[in-house]
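Peer 1: What follows is each chain in one-letter form.
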Amino acid sequence: MTTEPTTPQISEEEKYELELAEQARLNSGDWDSVAPGKASQFGPSFRRLIGLLKPHAVAFTFVSLLGAAGVVLAVIAPKVLGEATNVLFAGVIGAQLPAGITADQAVEQLRAAGQDDLANIVQTAGVVPGEGIDFVKLSQILIVVLLLYVVSAILTWVQGYVVNVIMVRTMWRLREDVEAKLNRLPLSYFDKVQRGELISRVTNDIDNITQTMQQSLSGAITAVLTVVGVLIMMFSISWQLAIVALVSLPLMAVIFGVIGPKSQKAFGIQWRKVGRLNARVEESFSGHALVKVFGREADSHAKFKAENEELYEASFKAQFLSGIIMPGMMFIGNLTYVGIAVLGGLMVASGQLRLGDVQAFIQYSQQFTQPLSELGGMAAVVQSGTASAERVFQLLDADEQDPDAADAPKPAEGDGTIEFDHVSFSYAPEHPLIRDLSFRVEPGQTVAIVGPTGAGKTTLVNLIMRFYELDGGRILLNGQDIAELTRRDMRAKTGMVLQDPWLFAGSIRENIRYGRESATDDEILDAARATYVDRFVHSLPDGYDTVLDEEASNVSAGEKQLITIARAFVAQPSVLILDEATSSVDTRTELLLQHAMAALREGRTSFVIAHRLSTIRDADLILVMEHGDIVEQGSHDELIAREGAYWRLYNSQFEQAAADVDAENAIAQGQGLDPALVGAQTGSFEGVDGEGETPATNS
Amino acid sequence: MLAKLLVRYLKPYVWLLVGVLVFQILSAIATFNLPDLNAKIIDNGVAKGDTEYIWSTGAVMLLISLGQITASIIATYFAAKAAMRLGRDIRNDVFEKVSAFSEREVSKFGPGSLITRNTNDVQQVQMLAMMGATMLVTAPILAIGGIYFALRQDVGLGWIIAVAVTTLLIIAILIISRMVPLFRSFQHKLDNVNRIMREQLTGVRVVRAFVREPIEEERFRGANTDIMIVGRRVGSLFVLLFPLFMLVLNVTIVGVVWFGAFAVDAGDAQIGTLFAFMQYVMLILTGVLMASFMTIMIPRAAVSADRIAEVLDSTSTLLRPANPVTDLPTPGTIELTDVSFTYPGAEHPVLDGISFTAARGETVAIVGSTGAGKTTLVSLIPRLFDTTGGSVAVGGVDARQADLDVLWNSIGLVPQRPFLFTGTVASNLRYGREEATDAELWHALEIAQGRDFVEEMEGGLEARIAQGGTNVSGGQRQRLAIARAIVHQPDVLVFDDSFSALDLTTDANLRHALWRELPEVTKIVVAQRVSSITDADRIIVLDDGAMVGIGTHEQLLETSDTYREIVESQLGAEAAR
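Residue numbers (the working numbering), protein chains in the order written: chain A, 1 to 699; chain B, 700 to 1276.
With the rest of the complex left out, here is chain B (with noise of 0.2 Å):
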């Protein structure tokens, strides 16, 4: 997946990678005509005492020197340039993928994975590709070239470098596929202390109250101890590469030394190719030595872009109409037709054989316990999802089958958890509709009783807000979500469980201006508490993804066990009664 990936995205940039691989090996040559220069010195200048020539030679090794410079920062030029626009067009792709994405999808991955694919893993396959192009590119060159160069003194000593060239890659293979699995769990377990101590920090109280102290210390002790052994373990393998790599080095020296003697003393060479010779298996090991240590990094990005391409190779289920309608007949009306849902990969429908209709300015509420079904209920009309059996239509026309910017322009929605973005209040306000005056949005806030507070705040309606809306409280969240919705101009208002922070009187005050100046539109209303939605035109009643029940309030009470069952627990047995 890895290579894939990096082929495809790099793909665009071939000319790029073209000029770090023609710069890399420039600057290889450049680097190893240096000792080759150095034994003419030796051999033609030196023992010859020509000084003219050395001079001479000298001047030419510092033009070569200033070359191997040049190249080799154009070389990171375009490698820097390659790995970032890799990095960058991933980045788009994936984000343009997610958006794309219908929530089935995004609920399959989850968006907290979502986001971590499009940022760390990206990081990781871009740094890789910048490592790749640097160090991992030019390793090989420097090897390949050194043996090359080396032979090309031909003192028949090639043999000497292959054993060197083994005995190193043995040896770094051994250490750095051992040192692999220990890095990550090493990792592991920093991450095990860290949320144990995160755990302690926000949990302080209730490990004080139950006078857990001594025992979250052994708690702790334990997972730090976790980590020096493994962190022994680790530091010890690591502190044998560097010497042993010397020592390979160094003896590797002696070896040409010592049997460079010999093809010296039959006169097969020449001393300062000797030295050449020298120079070059310190830049051959030192190439193999850095390419294994870069290998290191490959299972990290490898399974980072088995993620990337996890994400970039889902389809989204939500498939734009091949004809859309861009005409609904019949705004504000919804109607589905025994819609189930099933999620993928899932045995049971989440939602089975549902029927209800709503006409224009009616009022649908659904109640339910948790894991009824509720919030998938409402997404199938926003099209959040598709439905798996059944249909809903939306103004009269099939939700699958209207333009989607048509279909979402008719409906305003307030999701279960108000999440706001990062701006002012009226850049959340604004969302649906950008051109809404102010005049607009503090209609808007009077009907989702919030213009007391956003008046209150410093800024007014360009108070900002943090990201995820942190700064206001969870009840004023839900009143700038409502007002969002409304700001919007929809046909249909869902509500999912939006009014669960709110107190019973914001509830009733809210509901009655919702009702008041928003006649027309039709409202779809999750609720958890039952008196929010006794006065609605049809209840529903969902029971592990059934209707158990459909009807007003009066009716229900009659009619349905479950709905009786959640007045009692909510509102006292007198009010089942």
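Chain A with its partners taken away, still in its complex shape (with noise of 0.2 Å):
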């Protein structure tokens, strides 16, 4: 019995793992580790990204001058405030010398003296000897000083605002789009990926898009901006002390080039201990009375504690070797600026170069190794961004469904007749499922859909609405093609209930109130009435404007069901399609479920895929499916008598359950006919009791 498992359910686990890995990773908040990820075309996707900012291109290329001219000003003012020690030197040195000799002879009587330094020193510093300090020189290098460092702030901070509010923009942008285009999209792309992956790049990827944009886009110009200058300031100084400078430059790589990575690695690794972690404390917590009951609780233990440990080491290893990294870019910074000292007081000493130069450069040493590593750092988060924006780019570049025509006819008068006219349809094109089909339902006429999973019956009524475009045939509701009315003319005549009770967070009457919004509160209070919502709704404190948040836990799941039968109700449909729900609900709530359904049904041409028998005894018209196939339809009475497919699932469904209960009180019953359950017993219908039947990707 036991096989090995196979290599794609290895795979297949590790790509949960790192779903948790990544969920956790979000959950934590901690935006210090980057996300995993690479773009698979690196270039183009980063330059779309990139050309999302075109709307602002003016504004932003604006801005982005401002911000250099304040980088200009920033890296100038180190140099002009090194004049200021200049003057500050130059008197020292002055106010040493007697005075009323000229610079030329005071270094003529050092070197005599045999004081050379000295005298190297003098002779550059533009010493007046027994002159101080000059403070009226001072105060104005001071003052530029000053002013240069005021208006650089002011450019910083005007670019910043400015390129934040782009940010934003650009950012509502895309949402904006990613949303308009959720709604182009076909359904059918909506089977095809995956929901928790699409769920996460409409929400994870757009935030991690504004990430890379803020932490890099405007950071990475001003890094640049700053490098370049700086660079050049310093070699103006002193080419010598700039190779000094430079000489930390491939320091730094090796730091960002032999940690960066490991740390990296070591994050990844973090993470997916957190998500396995996660996971088990998920499992425990919520088996929590299995894990007790069975006398798990001491194992249960041992293996968190285990893992436990494991995440310890990882996420030490993570920890430690991510802090070394700015201790690094310290240490090298501080080389750097043992190495200016030195080369500087040497090169000062020798008359090369004057103490002020000195002083500029170990400002701009200091204002060099920083925007590096920043740019070291954006590297890794640029990357990860573009990751996430190509799969969003991938969203937006999907095939939209085909637009409504322009010139579509109006909707005909009509009570709500169904024709299927010779209507073939597949998910795909290698496995046809629908086939030819054709039927006519007249107005007012109950049709229930019968049949195993996976036979078409949700297909079926998925092509009604109009989910899927047909591979052939026609659809004509009071004798119009459907495909040339518009979607929004079709589905105002149509309503449905699914069996997955989707409600939005919002107040009841919201939630009702979404059958069509143009309908007054009487007519959300009789639709209420009428489909038994009301009477639970005045148990609730809020009544009517009871928010159903996603925890919802003050109402019910079969009232939420109501809610949903009653927001069909509001939207006067002619033509209803009604998904019965097999899920258990308590016997009242059931009873009431039934009730809310003929109520809405009347005078309604309903589709109902069908479990209950009495839904079924009394429909006008049973059509009973198999692989895409209506194989049989007729009345109740009529199919039974054909001793069918119908009376072969009729038989299968009750009369063995009949031979072990009461056999008129499994039939009366009418619950549980759940084909799929059936298929799994007599093993005569593929599928097993799963409730989704489109052949896409479960999600």
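Be aware that a few hints might be false.
Claimed, not checked - Here are the simulated DMTMM-like cross-link-like pairs (lysine to aspartate or glutamate), alpha carbons at most 25 Å apart as the crow flies: (1) B:K796 <-> B:D1005; (2) A:K560 <-> B:E916; (3) B:K747 <-> A:D104; (4) A:K560 <-> A:E602; (5) A:K493 <-> A:E510; (6) B:K796 <-> A:E297; (7) B:K796 <-> A:E309; (8) B:K796 <-> A:D299; (9) A:K493 <-> A:E523; (10) B:K796 <-> A:E310; (11) A:K303 <-> B:D788; (12) A:K265 <-> A:E309; (13) A:K305 <-> B:E1009; (14) B:K888 <-> A:D104; (15) A:K493 <-> B:E916; (16) A:K181 <-> A:D521; (17) B:K710 <-> B:E795; (18) A:K560 <-> A:D521; (19) B:K796 <-> A:E307; (20) A:K181 <-> B:E917; (21) A:K560 <-> A:E517; (22) A:K493 <-> A:D404; (23) A:K493 <-> A:D579; (24) A:K137 <-> B:D742.
Unchecked claim - Simulated coverage check for chain B against chain A, where a stretch passes if three residues somewhere in it have a Cβ under 8 Å from a Cβ of chain A: (25) 741-754; (26) 929-936.
Hints in this document: simulated from the structure, not taken from any laboratory.
The C-beta atom is built at its ideal place from N, Cα and C for all residues, glycine as well.
Using the hints, put the two standalone chains together into the complex.
Peer 2: Put into structure tokens, the structure is as follows:
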């Protein structure tokens, strides 16, 4: 019985593990560690990412120029400040010399006294012997420096401010584009892409792009400009010192090249362990009672402890490695500092350089390392951001559903005749599902669709809603081809209640009004009364204003289902699609549901994916589906008399059960007609007892 | 709470923290000595033209730099150790605590919340500890050390530092205190946008069916615009911070030069010391900025710490008996005497005055509508909850006096949500009894009507089960959960609505197999479907926590209106007659 898990299973698991890891990283809000991921086409995707800024190109360019000016000013300032130091230095030296002689004379005197070094300094420092510090000159210089710094700060601020506005607007636009795109995508797209993946794309990926844009794009310009400007200034002061400063570059590269990837890898491992541990915690806490009752507490504990220990090791490594990058950069900064102090000192001593220059140089060397390390860190951010952008672009580039025809005819009046005219359809061309299907339903009739899972029941109703386009044939609503109508017009005539009671986070009133925006409060109340929503709403403290949030603990699953029925009621459709719930609700709510659905069906053409025997028996028309085809159609009595597929289905459902329980009871119960379960039992039908039957990726 | 939690969990690692402190101080001292030495190079070397001195001092500076990075790395090492151990220990303790909880505490917090507390919340606190041990500790050391060294230069400019630090602090406090709530609001708006997107994606069919695309787009635009506005405000504040900091720093330096010039002119200071002084000012201000920036993390971590402490401080109501009874005199019997149960904080009891017995091998069914208290009632038997009134005896012993392992060994529970654990079919089935043989597993599967589908699964017993058992259907999950309870070989099987996802045929076959193969085992069955329990020895009808009927199917049809109502709604009026 034992077989080794096959390779694809492992990769599947790996994928899952990575998902967990990514989830853990995002949840923790730890933006320091970069999301993993590499764009498959970095160049084009990156260009397109930058292209998002195009609508703001003028403003962006303008403020970038402002920012550049700010950087230039900030870069010039230390050099000017160096002049101030020179004035100071000259004053100090000058004060030591006797007054009334020229600088040249002083130099000669010093040389004569054997103080060659000092002589060199006096020669270059602009010393006036006997004169102390020239405060007028000093104040002039300092005012210039002050102005430079103030203007630079203002420019930097303006740039930052405008860039931020541009960024948030761009992200707003991107989100709007994605939202609009989602509404234009055909439903088949949502079947193909895993829901979780799609959600992560429209949420996490856009967040990640925002991060990238804000952290890097605006910073990158400043960083590059600063590096270039500082380099120029350094070389203008002294090429020898500049080379000393440049020696730090390869050292930095070593740190980023060696520790960087290691730390990123360590973070990757850490997040995986976190993901795995989170999964374990989730499992242990969700299955808390089981762990206890089956006496597995100690065991569960031991496993947790072991994994926790692994996580500790991994996170220690990640934190340590990432933690030493900064000291490493500081060390390089210090090395440069020492180098400049020594070499600069020697050069000043030999008169090749003035003291103020050394001081300016030290300031430059400090300005030099910081943007460089920023740029180093940015590479990973940009890479991950581009990968995210690429995924979002893929979504934006996906094929859309055909737009509605501009000259679409007005919908014809009518009470909801539906006709299938030689309809064929498939999700994938190689697996034809519905072939040449024709039938006609008169206004007000109820059609029960029965058949095993995977027979195409949901597909059939999806086609009526025009969720998918046909491969061939036509579906006529009141004699009009629904493909010719605008989706809006055609769907205004149809309403649906799905098994999954989807409600949005809003009040009960808003959720009912969802069926038709123009519905008055009275109409909502009527709908609520007709569908038994009114009953339980009264027991809620906020009544119709009760907000259904994601938890929505005050409203049960059955009650949610009732709200969806009320929603369809308010829409006043002439054609109705109902998917009877198989999920277990308690008996009283179940009864209410049945009544509410019956009220909703009254006077409307209804298609019911039926699980309840009573619904099926009372239907005007039963469509029995197998493998995408309608194999039989007719009323209950006709089909039983025919002893065909329906008869077999009916018997397999109820006769066996009836043998055990009181037969009469079981038949009357009319519950649990879940063909798939019987399928699993008798082996006559494919599929298992799942709910969705679209042959799409399970979400 | 945050401080308390940190103190409590860092206590064992005091020596690590001392290490952090010592080495951070060493590193700071080294950092501060560099400008000092540079000053000496200028004052003693350059000004006097002593190249020898410049070289030797340079060598010393190099050594100090090396010392600094060594100290810094060691400090980081200790900090990472301490912070990550703190995280590990908290996680362990929370896990241990939650494991010991009774269902009462679990339901009070909610499993979801407990999960977040032991994962994200711990992560937050751990990150704060790490940041704290590296940056938050460094910053004051830098600031204080910087001030000390700066004043030691004795150029009479201490007041400039005071002014600069105060200015910077005011700016930082003003900006950051405004940013923190904005950040929170931003996160909130972001959650909103993401929630709406998620809603639209899950409800895409409904949205389209009701032609609500334009309204959905509007709804989304509202949330999207909200986030843009907050994003702009956060950003506007944020972009102020750096230019202002640079401005304060640079103005301070200009001030130092200007006022220092007077000191130099008066002979009170040397130029080199002025240089060093400037370096110190930079170090100090950077330290102050870093420290104030780190405080952004504190509110978030504090909330997390509160949530963790809440778990750690609650005591489990599941008390182990002082003298546990390890022998059950009458295995398989259940006796509830006047049981009532009230959830903590609730006004009304969920259960009130429930009494019934089950002899060995009997079947007792419990019916009633949702919220009637069925699940709570069966949870009392394996002592997932303790009664708040009356008593529950299992195997002839009060559940509160029985040894928990013995008690649990005698009960096989099939919970309402048939939870499966990650692993294989076999590992799940052996959950209750590891030594069970494959044959025993197959036998249990046969009873649970699960043999067929397990055989069809790839790998059979070794087929993989994904987390939460999501790769098998609801009905299969139920059958595996039932088989798991059977493998456990209990005296009592408790089924909490365990047949709901099964079709009638399977349901009936399963029950027959159970009765046939396990006649000695007492069965307590919570059921929605009346048809599943018509042949029970005793049916208990619950309504709103009270027992409104007890008896066999036939007896209850006669005596209980509630029961008849339920039967009517499910089986039709004729069945109830």
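Peer 1: Among the hints numbered above, which are violated by the structure, and what are their numbers in rising order?
Peer 2: 14, 16
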